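Based on the hints, put chains B and C in the right spot on chain A.
Residue strings, one per chain:
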Amino acid sequence: MDMLTQWIGWLPNLAPGLLVSLQLTGLSLLFGFPLGLLFAVMAAAKFPPLQWVSFFFVEIGRGLPALVLLYLMYFSLPDAGITLTSLTTAIIALTWNTGAYASEYFRAGLAAVPLGQKEAALTSGLRGWTGFRIVILPQALRISTPPLAGLAVLVFQGSALAFVIAVPELMSKGFEIASITFEYLSVYLLTAVIYGSLTLVFLGLVRVLELRLGRHLQRN
Amino acid sequence: MIMELLPAIARGVGLTLYVTGASLLFGGIIGLVLVGAVRSPVAIVRAIATLYINIVRVIPPITWLFLIYFGLPQYALRLSTIQAAIIGFSIIASAFMAEIYRSGLLSIPDGQREAAHALGLSAVTTVGHIITPQAFRVALPAIATYGIGLLKDSALASTIGVREITYYAQQSAKQTHEGLLSFIVAGALYIVISLVVALVSRQVDLRLRRKIGVA
Amino acid sequence: MGLSFGTKAPRTTHSGEVAVSGLGKSYGASRVLSDVNLVMNEGEVVSIIGPSGAGKSTFLRCLNYLETPTEGTIEIGGARVVAGGKLPDKARLDHLRRVTGMVFQSFNLFPHLTVMENITLPQRKVLGASKEQAQEVAEKLLKRVGLPDKAKAYPARLSGGQQQRIAIARALALSPKVMLFDEPTSALDPEIGLEVLAVMRDLADEGMTMLVVTHEMHFARDVSDRIMVMGNGGVLEIGPSEQVMSEPQNDRTRQFLKAVLDR
Numbered sequence: 003m004d005m006l007t008q009w010i011g012w013l014p015n016l017a018p019g020l021l022v023s024l025q026l027t028g029l030s031l032l033f034g035f036p037l038g039l040l041f042a043v044m045a046a047a048k049f050p051p052l053q054w055v056s057f058f059f060v061e062i063g064r065g066l067p068a069l070v071l072l073y074l075m076y077f078s079l080p081d082a083g084i085t086l087t088s089l090t091t092a093i094i095a096l097t098w099n100t101g102a103y104a105s106e107y108f109r110a111g112l113a114a115v116p117l118g119q120k121e122a123a124l125t126s127g128l129r130g131w132t133g134f135r136i137v138i139l140p141q142a143l144r145i146s147t148p149p150l151a152g153l154a155v156l157v158f159q160g161s162a163l164a165f166v167i168a169v170p171e172l173m174s175k176g177f178e179i180a181s182i183t184f185e186y187l188s189v190y191l192l193t194a195v196i197y198g199s200l201t202l203v204f205l206g207l208v209r210v211l212e213l214r215l216g217r218h219l220q221r222n
Numbered sequence: 026m027i028m029e030l031l032p033a034i035a036r037g038v039g040l041t042l043y044v045t046g047a048s049l050l051f052g053g054i055i056g057l058v059l060v061g062a063v064r065s066p067v068a069i070v071r072a073i074a075t076l077y078i079n080i081v082r083v084i085p086p087i088t089w090l091f092l093i094y095f096g097l098p099q100y101a102l103r104l105s106t107i108q109a110a111i112i113g114f115s116i117i118a119s120a121f122m123a124e125i126y127r128s129g130l131l132s133i134p135d136g137q138r139e140a141a142h143a144l145g146l147s148a149v150t151t152v153g154h155i156i157t158p159q160a161f162r163v164a165l166p167a168i169a170t171y172g173i174g175l176l177k178d179s180a181l182a183s184t185i186g187v188r189e190i191t192y193y194a195q196q197s198a199k200q201t202h203e204g205l206l207s208f209i210v211a212g213a214l215y216i217v218i219s220l221v222v223a224l225v226s227r228q229v230d231l232r233l234r235r236k237i238g239v240a
Numbered sequence: 731m732g733l734s735f736g737t738k739a740p741r742t743t744h745s746g747e748v749a750v751s752g753l754g755k756s757y758g759a760s761r762v763l764s765d766v767n768l769v770m771n772e773g774e775v776v777s778i779i780g781p782s783g784a785g786k787s788t789f790l791r792c793l794n795y796l797e798t799p800t801e802g803t804i805e806i807g808g809a810r811v812v813a814g815g816k817l818p819d820k821a822r823l824d825h826l827r828r829v830t831g832m833v834f835q836s837f838n839l840f841p842h843l844t845v846m847e848n849i850t851l852p853q854r855k856v857l858g859a860s861k862e863q864a865q866e867v868a869e870k871l872l873k874r875v876g877l878p879d880k881a882k883a884y885p886a887r888l889s890g891g892q893q894q895r896i897a898i899a900r901a902l903a904l905s906p907k908v909m910l911f912d913e914p915t916s917a918l919d920p921e922i923g924l925e926v927l928a929v930m931r932d933l934a935d936e937g938m939t940m941l942v943v944t945h946e947m948h949f950a951r952d953v954s955d956r957i958m959v960m961g962n963g964g965v966l967e968i969g970p971s972e973q974v975m976s977e978p979q980n981d982r983t984r985q986f987l988k989a990v991l992d993r
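Chains as they are written, first to last, in the working numbering: chain A, 3 to 222; chain B, 26 to 240; chain C, 731 to 993.
Chain A with its partners taken away, still in its complex shape (with noise of 0.2 Å):
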């Protein structure tokens, strides 16, 4: 059979699971950001507790395989009486997973502010938690946009791992056709394309932000 009319065949059966693998990267992002951007705030905080506990969830975050840290959910969860579909708990590993990294750009970006605009925020009234909110957050947000959304692209690719817990995403949808067809280099090439081909858009996505960003900057 002809490889296109195989795959127009198994898109509706394929579809499901590309709406799940989009559901599992954009919650994961969406608790994911901000959780990094607590992340690098806690790293700065005065208060040593709070960077060792910061130290420890992005160390670990990003130390780990996202495969590991995904078994390690999957398989210790339930042990601790906590029981949640497969979504959830892949979820939850991306979510850290995504926020480790992220919390490295937000601080990167935090560090690129320069320090005359901290003693600025000061000197105008600006102390503390506003200061940092209306001064110091809108620019290193700026700054870290870049790298976070090429990130948001590599959780999306990283959503396929969620598979080996049998989330229903597209990757799995691939393996239940294939073993049923057993036409696996047509599948398989069927979901490279898919993943390859919204990639691609995203990426697309993301220079038009950068250049939306550096544009910007150019007018001030």
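Hints were generated in silico from the structure; no laboratory data involved. Mixed in with the good hints there might be a few duds.
Covered stretches of chain B (chain C as the covering partner; in silico rule of three or more C-beta atoms under 8 Å from a C-beta of chain C) [as the list claims (entries may be wrong)]:
1. 127-139
2. 150-160
A short list of chain B residues far from chain C (calculated; beta carbon distances all over 10 Å) [what the hints assert, rightly or not]:
3. Leu-42
4. Leu-76
5. His-142
6. Glu-203
Simulated pairs of lysine-lysine, DSS-like, Cα-Cα distance not exceeding 27 Å [as the list claims (entries may be wrong)]:
7. Lys-882(C) / Lys-855(C)
8. Lys-236(B) / Lys-861(C)
9. Lys-48(A) / Lys-120(A)
10. Lys-855(C) / Lys-816(C)
11. Lys-855(C) / Lys-873(C)
12. Lys-816(C) / Lys-236(B)
13. Lys-820(C) / Lys-855(C)
14. Lys-861(C) / Lys-873(C)
15. Lys-855(C) / Lys-870(C)
16. Lys-820(C) / Lys-236(B)
17. Lys-820(C) / Lys-861(C)
18. Lys-873(C) / Lys-236(B)
19. Lys-861(C) / Lys-882(C)
20. Lys-882(C) / Lys-870(C)
21. Lys-882(C) / Lys-236(B)
Treat the numbers as computed from the prediction; the structure is a model and nothing was measured. Ideal Cβ positions, reconstructed from N, Cα and C, are used throughout, including at glycine.
Just chains B and C now, with coordinates in the frame of chain A:
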């Protein structure tokens, strides 16, 4: 319990290192060819190399592994799990290594090529004795960082049945019902290996930096 | 000279002689160098001075084809190259680079090689010298530039002045007929520059043919036989050093010298 889990899971360290090391080596060699192709004066060669690098990078690693391990045997190319993993990760590593080499090459000042030309050194001598050694030394930290990334990616090889760290951790988790401990042990092994690689490369880098002071 | 180029390259110059005529270079519509003529005798030292952007370095770099001239001819040490906007054939290019040695403003020593290797590698690769021969030559040259104890050091460990002296030794190791210096002291503190200038002065005294782009007016006047003043990509005037410095013929030369010497 850890005393029983550790030796059981550490059995996988050998294959983890083997798959990672072999893929980094082959990927590094293919990456050299790629970076040459990307800088080739022939437009079609440049286009093919760039296309290859982009295709490799936009497809998730696990999809690559499945394509190679499950897909290729359909065309009578039977591979062992280890071969499939090494081929898959070599392909992935080649694209990243090519990028790392490229930025290494870009960091070498024009004056180095000019001095080589002015001395009358041949193109082969210039590339072999002047450019490549310097580019490699500049790229060393990036290569080490990528190597650690590849080490973590190599956990994926367990999904096609390569008996490396994650594979044994999964086995232990199922057999002993000590899921948390099993993967803590596995995680600790990855972190220890990463730390050793990071420390060694830092030392080498510092030594080279002190000695030759490449920017 | 054992090199042969058939009938295409008549030997019109002697080994240390330079004859450049009508040399020019354009990038599309913009002309960066036009109609430069220069004849140098063996053992002569010529300094090239002029404001920045005058085309001094471009001219020097055209002589060994680090930049490609678009018109004119270059004859150095027995080889004649007619410029045409592209690299000459390999034999001529190799010969041109064999008979010229170049010293750069930024030294351009190879940072991953020791001082000894910096000097021996080109000898072994270009001249086919044995390791022992190359080392013997290198040791002599290191003595000559006053750094006999630095053979094992890496360039990063040396001062700028020391690096530049090593760079001179590296160029000399290939026994060039003509040495080209491209602002050799501009990247150095003045007092450090003096040690480099001293080496260059010795070299001139020993009879080396030298072409020096420089901002050092004392060196230009005291060491060089003639001074060539450049401006806007062309030659403003050329003449005996004393004469150019004390009674320049060209208005723009006068302005330039006044500006430099008043500083």
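- [ ] State the violated hints by number, sorted upward, taking the hints as numbered earlier in the document.
- [x] 5, 12, 16
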